[in-house]
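Got chain A; can you put chain B on it based on the hints?
Chains as they are written, first to last, in the working numbering: chain A, 1 to 53; chain B, 1 to 262.
Rather than coming from a laboratory, the hints here were simulated on the basis of the structure.
Only a predicted model underlies this, so the values are computations on that prediction, with no experimental measurement involved.
Ideal placement from N, C-alpha and C gives every residue a C-beta, glycine not left out.
Careful: at least some of the hints might be erroneous.
Unchecked claim - Some chain B residues well away from chain A (every beta-carbon gap over 10 Å; in silico):
{"id": "1", "residue": "Val-3"}
{"id": "2", "residue": "Arg-19"}
{"id": "3", "residue": "Pro-27"}
{"id": "4", "residue": "Val-46"}
{"id": "5", "residue": "Gly-103"}
{"id": "6", "residue": "Gln-145"}
{"id": "7", "residue": "Leu-179"}
As the list claims (entries may be wrong) - If you want the ones that stay clear, here's a sample from chain A, every Cβ over 10 Å from chain B, calculated:
{"id": "8", "residue": "Phe-5"}
{"id": "9", "residue": "His-17"}
{"id": "10", "residue": "Ser-22"}
{"id": "11", "residue": "Val-28"}
{"id": "12", "residue": "Thr-32"}
Stated by the list, open to error - Partner residues are not named here, just some residues of chain B that face chain A (Cβ under 8 Å, in silico):
{"id": "13", "residue": "Tyr-39"}
{"id": "14", "residue": "Ser-42"}
{"id": "15", "residue": "Trp-43"}
{"id": "16", "residue": "Val-98"}
The lines below spell out each chain.
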Amino acid sequence: MAAVFNLNHHASYVNWHFIHLSVSNVIVIALTLVVFALAILLPFPRHGPGGSS
Amino acid sequence: MSVTQPPPAPSKSWTVWVRDRAVNALPPEKLLADKQPTYVASWIYVFGVLTLSSLAVIILSGSILALKGPAWWHFTGVGHFFNSVHLWSVELFFFFMVVHLWGKYWMAAWRGGRTQVWITGAVSFLIAVPCALTGYVSQQNFDAQWISTQAKDAMNSVGIGAFFNLMNFGQMYSYHILLLPVAVVALVVAHVLLVRKHGVVPPFELGESLAAARAGEPQAPTKSPPETDGPQAETDGPQGGQRTVIAPTNPEPGVPPGEKPS
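So here's chain A without its partners, still in its complex pose:
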């Protein structure tokens, strides 16, 4: 991962009033919300009469 992302610096943080979150945590929280929304909105695949998807 170090080859993909340059980790050789201080972490970046999001500051808003009392909220103090690292950017990486904000990304994970946002990703969780997106996956949650998609899990509700996306149609679930159904098998056809022959048993194939």
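Relative to chain A, chain B alone:
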């Protein structure tokens, strides 16, 4: 002359007692159901089993790490690999569990006598947190040392530092590979068995129909699955044996009404 034999007296064996109660509480058709209600055909219902799958990978990779030891997971390529598998399966475990928790919260999944299902799930989540923390402080590196010195202050601030010493590697490692995983797995097993017993919680509309049926109100003939009676694709309606089914939201040829396609 024939002699009528009296019926055999019921066995007083404790194994029979346990077996009878276990089968009554969770008959085989509920324990290993082959059908689920139509409403289970949604992505939001997938995250429970994804959490279980992640837990299986955590246990497997953690067992290998425990067998080989810190020098192996720090200084060999294969050890690094299993260390990473263990870390990322934990990350996915919490990710899937949080989505599962959100979904069940907004479904009010404690409805229909499912209080114990909700409590076992919530408590297993709470115990999984210190299980992960003790893993971070058991890495045997500077990262673990930093986390343990920081978290030590948190434990001291709430008055449990004398009992839960994050600077004590032996204690943390014992918590991490035995005490807390046993608690998490036991609660997860109980959680899954309770889900099997009570069935997957239905959507609000169906739950309300069942509550109205209990109160004796007339029902529309296309609703009312059993809310507390476990997974079932079809059910008899509340009005004098009238046959009612759960109408599939997207019926297709070859798929019986109310049955999840397999």
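Hints versus structure:
1. The non-interface label for Val-3/B is consistent with chain A: the shortest C-beta to C-beta separation is roughly 59 Å, beyond 10 Å.
2. Listed as a non-interface residue, Arg-19/B keeps its Cβ farther than 10 Å from every Cβ of chain A; the least gap is roughly 37 Å.
3. Remark: the non-interface label on Pro-27/B is consistent with the geometry, its nearest Cβ contact in chain A lying 27 Å away (cut-off 10 Å).
4. Consistency note on Val-46/B: stated as away from chain A, yet its beta-carbon is not over 10 Å from all of that chain's, at 7 Å minimum.
5. Here Gly-103/B does not stay apart from chain A, with its beta-carbon only about 7 Å from theirs, under the 10 Å limit.
6. Every Cβ of chain A is farther than 10 Å from the Cβ of Gln-145/B; the closest lies at roughly 18 Å, confirming the non-interface assignment.
7. For Leu-179/B, the shortest C-beta to C-beta distance to chain A comes to about 28 Å, beyond the 10 Å cut-off, and the non-interface label holds.
8. Listed as outside the interface, Phe-5/A is consistent with that label: its C-beta sits roughly 15 Å from the nearest C-beta of chain B, beyond the 10 Å cut-off.
9. For His-17/A, the requirement that its beta carbon stay farther than 10 Å from each beta carbon of chain B is met, with the minimum near 23 Å.
10. Annotated as non-interface, Ser-22/A keeps its C-beta farther than 10 Å from every C-beta of chain B; the closest such distance is 15 Å.
11. A beta-carbon of chain B is positioned within 10 Å of the beta-carbon of Val-28/A; the least distance is around 8 Å.
12. Under the 10 Å C-beta cut-off, the non-interface status given to Thr-32/A relative to chain B is violated; the minimum distance is some 6 Å.
13. Interface restraint check for Tyr-39/B: the shortest CB-CB distance to chain A comes to about 10 Å, outside 8 Å, so the restraint is violated.
14. With its C-beta approaching chain A no nearer than about 5 Å, Ser-42/B sits inside the 8 Å limit, and its interface hint holds.
15. At about 4 Å, the closest approach between the beta carbon of Trp-43/B and any beta carbon in chain A falls short of 8 Å, and the interface hint on this residue holds.
16. Given the 8 Å rule on beta carbons, the hint for Val-98/B holds: about 6 Å separates it from the nearest Cβ of chain A.
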